[in-house]
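Protein sequences appear in the order of chains A, B and C.
To convert, note that position 94 of the first sequence is 117 in this note's numbering; the numbers rise steadily by one, no gaps.
To convert, note that position 107 of the second sequence is 548 in this note's numbering; the numbers rise steadily by one, no gaps.
To convert, note that position 202 of the third sequence is 206 in this note's numbering; the numbers rise steadily by one, no gaps.
Rather than coming from a laboratory, the hints here were simulated on the basis of the structure.
Idealized CB from N, CA, C, for every residue including glycine.
Treat the hints loosely; a few may be bogus.
Only pairs whose alpha carbons sit at most 20 Å apart, straight line, appear in this in silico SDA-like list of lysine to any residue [as the list claims (entries may be wrong)]:
| no. | chain 1 | residue 1 | chain 2 | residue 2 |
| --- | --- | --- | --- | --- |
| 1 | B | K610 | B | N635 |
| 2 | C | K261 | A | L130 |
| 3 | B | K579 | B | A559 |
| 4 | C | K261 | A | L27 |
For the chain B half of the interface with chain A, some residues (derived, Cβ under 7 Å), not all of them [to be verified]:
| no. | residue |
| --- | --- |
| 5 | H512 |
| 6 | T515 |
| 7 | R527 |
| 8 | F529 |
| 9 | D531 |
| 10 | G541 |
| 11 | H543 |
| 12 | T607 |
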Amino acid sequence: MGSLADFWATYSTLVFTVGIHALLALSLWLTLSCGLLSLANAAFMGIGAYTAALLTLHLHWPFPAVLAAGAVAPAVVALVIGAPTLRLSGVYLAMATLAFGEMTRILILNLDITGGPEGLNGIPLATAWWHIALILAGAGYALARLRRSRLGRAFEAIREDEVAARLMGIHVEGHKLAAFTLGAILAGLAGALNAHFTFFISPREYGFENAVDILTMTILGGTSSLIGPVLGASILALLPELMRFLHAYRLAVNGLILIVVVLFLPTGLWDSRRLRQMLSDRRSRRGGKP
Amino acid sequence: MLSIRGVGKRFGGLQVLQDVDIEVPGGAIFALIGPNGAGKTTVFNLVTGLLRPSSGTIAFQGRDLTGMAPHLITRMGIARTFQNIRIFPDMTLLENVMVGRHHLLDYGGLALLFATPAFREAERRSRERALELLSWVKLDHKAGATADNLSYGEQRKLEFARALATEPKLLLLDEPVAGMNPSEKAVLMEEIRNIRDRGYGVFLIEHDMRFVMNLCDRIAVLNFGRIIAEGAPEEIRSHPGVIEAYLGRGDEAEAVP
Amino acid sequence: MLEQQLINALTLGSVYALFALGFTLVFGVLEVINLSHGAVFMLGSYTAVTVMTRFKAPLSIGILAALLVSGLIGLAIDALILRRLRARHAPHLIPMIATIGVTTVLTSAAQGLFGVEVQRFPTEVLPTGEFVFGEVHLRTLELGIVGVAFLLMGLLFLVMRHTRQGRALRAIAESPKAAALLGINVEGLFMLTSFVAAALGGVAGVLIGLNFNAVTPMMGQPILHKGIAVVILGGMGDIRGALFGGLFLGFAEVLSKAYLSSQMGDAVAFGLLFLILLVRPVGLFGRVLERKA
Chain A
24 MGSLADFWAT
34 YSTLVFTVGI
44 HALLALSLWL
54 TLSCGLLSLA
64 NAAFMGIGAY
74 TAALLTLHLH
84 WPFPAVLAAG
94 AVAPAVVALV
104 IGAPTLRLSG
114 VYLAMATLAF
124 GEMTRILILN
134 LDITGGPEGL
144 NGIPLATAWW
154 HIALILAGAG
164 YALARLRRSR
174 LGRAFEAIRE
184 DEVAARLMGI
194 HVEGHKLAAF
204 TLGAILAGLA
214 GALNAHFTFF
224 ISPREYGFEN
234 AVDILTMTIL
244 GGTSSLIGPV
254 LGASILALLP
264 ELMRFLHAYR
274 LAVNGLILIV
284 VVLFLPTGLW
294 DSRRLRQMLS
304 DRRSRRGGKP
Chain B
442 MLSIRGVGKR
452 FGGLQVLQDV
462 DIEVPGGAIF
472 ALIGPNGAGK
482 TTVFNLVTGL
492 LRPSSGTIAF
502 QGRDLTGMAP
512 HLITRMGIAR
522 TFQNIRIFPD
532 MTLLENVMVG
542 RHHLLDYGGL
552 ALLFATPAFR
562 EAERRSRERA
572 LELLSWVKLD
582 HKAGATADNL
592 SYGEQRKLEF
602 ARALATEPKL
612 LLLDEPVAGM
622 NPSEKAVLME
632 EIRNIRDRGY
642 GVFLIEHDMR
652 FVMNLCDRIA
662 VLNFGRIIAE
672 GAPEEIRSHP
682 GVIEAYLGRG
692 DEAEAVP
Chain C
5 MLEQQLINAL
15 TLGSVYALFA
25 LGFTLVFGVL
35 EVINLSHGAV
45 FMLGSYTAVT
55 VMTRFKAPLS
65 IGILAALLVS
75 GLIGLAIDAL
85 ILRRLRARHA
95 PHLIPMIATI
105 GVTTVLTSAA
115 QGLFGVEVQR
125 FPTEVLPTGE
135 FVFGEVHLRT
145 LELGIVGVAF
155 LLMGLLFLVM
165 RHTRQGRALR
175 AIAESPKAAA
185 LLGINVEGLF
195 MLTSFVAAAL
205 GGVAGVLIGL
215 NFNAVTPMMG
225 QPILHKGIAV
235 VILGGMGDIR
245 GALFGGLFLG
255 FAEVLSKAYL
265 SSQMGDAVAF
275 GLLFLILLVR
285 PVGLFGRVLE
295 RKA
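Here chain A stands alone, though its shape is the one from the complex (with noise of 0.2 Å):
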């Protein structure tokens, strides 16, 4: 028992590390998954973080209540720019929400209520490791029921062709919203999480190279099934830790590896299809022996 102490001793902080940047994927994921590049995610998870936050240090809300004001401020503001922006494609949507997510920084570090660049500090400690298990778990959860519905499969069908899916009787624009929106609750939910176990929260957090950050777990892990985007962000919140220099080249090492998996492994490392050949070719290859 002893030992594991120490690992908990040793390790929480990774592990809690890796439950938000799941979280984080899986809410990019969300958005992929209806053919949406959205790169406003991390700018969702700090209105969340700083939503919370601030009920809990003003207001002192009770943690449950500021976790989900962490989830709904999030919602709102995407309910609120997404009608008129998701009716752009592409990389115009793409663009759009890199602007947003350039705006919400700066309005964030202009204000005085979240601290100007300075953040807020002294939040109190009050995300325990069930919390995190809890929601990454309902999370999943609830993806992976959406994937085995009609909703789920009206996201595929627009992600693969929109006009297709709207002649099947889709409100494409009401899906595309959804994804939109639900990938803001988790964003925020992510960043209500993330701001009561850090204490301290900055505007620099949720930049352009956090956008990034999301976005090259997503894209490592694959985005074929729920998976990737979990390996992913857990690959990715391990490697500073195994190999300890790389923590300074962060940077450098998620732009390498969006380059690499681009150029050389474009459907992620868990790609289901592939991986379902390769079963099928190993059983055919060993059924074929005489």
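Given the coordinates of chain A, assemble chains B and C onto it according to the supplied hints.
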């Protein structure tokens, strides 16, 4: 069943359709033919809501659907296939057809979240219907295959099954036999007759004259954006305007086969 | 005072235009959103500073070095990455994601090579002197910046309009397949475009570095965002759009900073970007992202 009245469409300075009047009856096979560029696919795009008419109205079973959003038009009972096939390439055949069931599955977020009996029942029935439709087009044995692995002809059949999955009352087929060999065409012809006999209406665009003449109950001819003739196959066959549209004036014009 | 602000605006705007020009060129010809343009801009600035500090070179050599080094980096990015993705007919988002990766790698490299502190141009090589009209001061430096920017933009306009290569590029922008059928060396021109666009970006970096006399590894970030705003404002793939958009943004930003507040100045770019994306995504002069194969 489908009333296209006085419909016109212009793109910028170009008048693509003018004064188009078409009455598509229910329970019959109706064809829209015409030389390339006459505007036939534009008519389909207008009916399915992908484009708005510049003038005129379109009504389906008495309800005006001019300017309605495409997904709502589908829910009213109009389904469509495309000239250049638009299946969902990364999904399996079964999933493709099940997407067509989308608006018929009426469970909400909570039901799907907790896999309630209602949800499971709805999904099961959907799956059954999807497999049934795949068997109509003889593709049920490949239900689990990925759609982009299919041959051209098979993809056409898949699109057909998927359109049927939306439980339409009227099926719009845009060049359904393009690229098929004669035996495949014969099979599809039979298939479409079956569909009509089951009570669906069929409205199709085609270039293959023999196919159209042998299959259809009524034909309308579009040329340069205007309807120049409408009637039974025998009337169209010998209509001078139609012959001229296809073969030109002054040629040793044979009657359309 | 207004005239002074107008000079600032013109200076800033002309560099924004120059930067956006490179960005929009790559989009128009290669149909790629090259988000590493900001990093190239930053490296151009560092090249000039290093050359002028280490080798005591004059400003003109600094600019030339920046042009060459940035151009080569752009060329390398195309040859190593973009070309492979082209061969695979990857959908538009993929090359964009790859260039995001390139940005972070290059920014990291710059931090490693040059450190994070602000670097400045050696004062000896900077032009001093200014023209004074009443209360308005026009620094020789500002004149030079505007001059170089417009000179390069003018050259590009001339090349695009009146040379064989320019016509070929415009043909490719319409339809690469058709251009290839006409015997145009499409791949070669893609590489040339990458070089030229990056070179322009690098020079823009030097000019901004001179304007504020500050060079940092992160300077590519805000400019990239503004470049995106300019290009969307003016129209993706449209050269006139980049010019007008850049000048417009320069004016909007400087005047906002002067008469509203400093923070507003930065937000203005994004506000405009958002607005235009919502109202007219193709921009003032732009065309829809639809090529006929």
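Each hint, compared with the structure:
For a cut-off of 20 Å, the pair hint linking K610(B) to N635(B) stands: about 14 Å separates their Cα positions. Restraint check for K261(C) and L130(A): the C-alpha separation of about 15 Å stays at or below 20 Å, so the hint holds. The suggested pairing of K579(B) with A559(B) is violated, with an alpha-carbon distance near 30 Å, which exceeds 20 Å. Of the pairs offered as hints, the one joining K261(C) and L27(A) is violated, with about 57 Å between alpha carbons and a cut-off of 20 Å exceeded.
Hint on H512(B) holds. Least Cβ distance to chain A is approximately 5 Å, under the 7 Å limit. Nearest Cβ of chain A to the Cβ of T515(B): about 4 Å, under the 7 Å cut. The hint holds. A distance limit of 7 Å between C-beta atoms decides the matter here; for R527(B) the minimum to chain A is near 4 Å, and the interface restraint holds. The interface hint given for F529(B) holds, since its Cβ lies 4 Å from the closest Cβ of chain A, which is under the 7 Å cut-off.
The interface hint given for D531(B) is met, as the beta carbon of that residue sits about 6 Å from the closest beta carbon of chain A, less than 7 Å. The closest approach between the C-beta of G541(B) and any C-beta of chain A is roughly 5 Å, which is under the 7 Å cut-off, so the hint is satisfied. Taken as an interface hint, H543(B) checks out: its beta carbon lies about 5 Å from the nearest beta carbon of chain A, inside 7 Å. A least Cβ separation of about 6 Å between T607(B) and chain A falls short of the 7 Å threshold, and the interface hint therefore holds.
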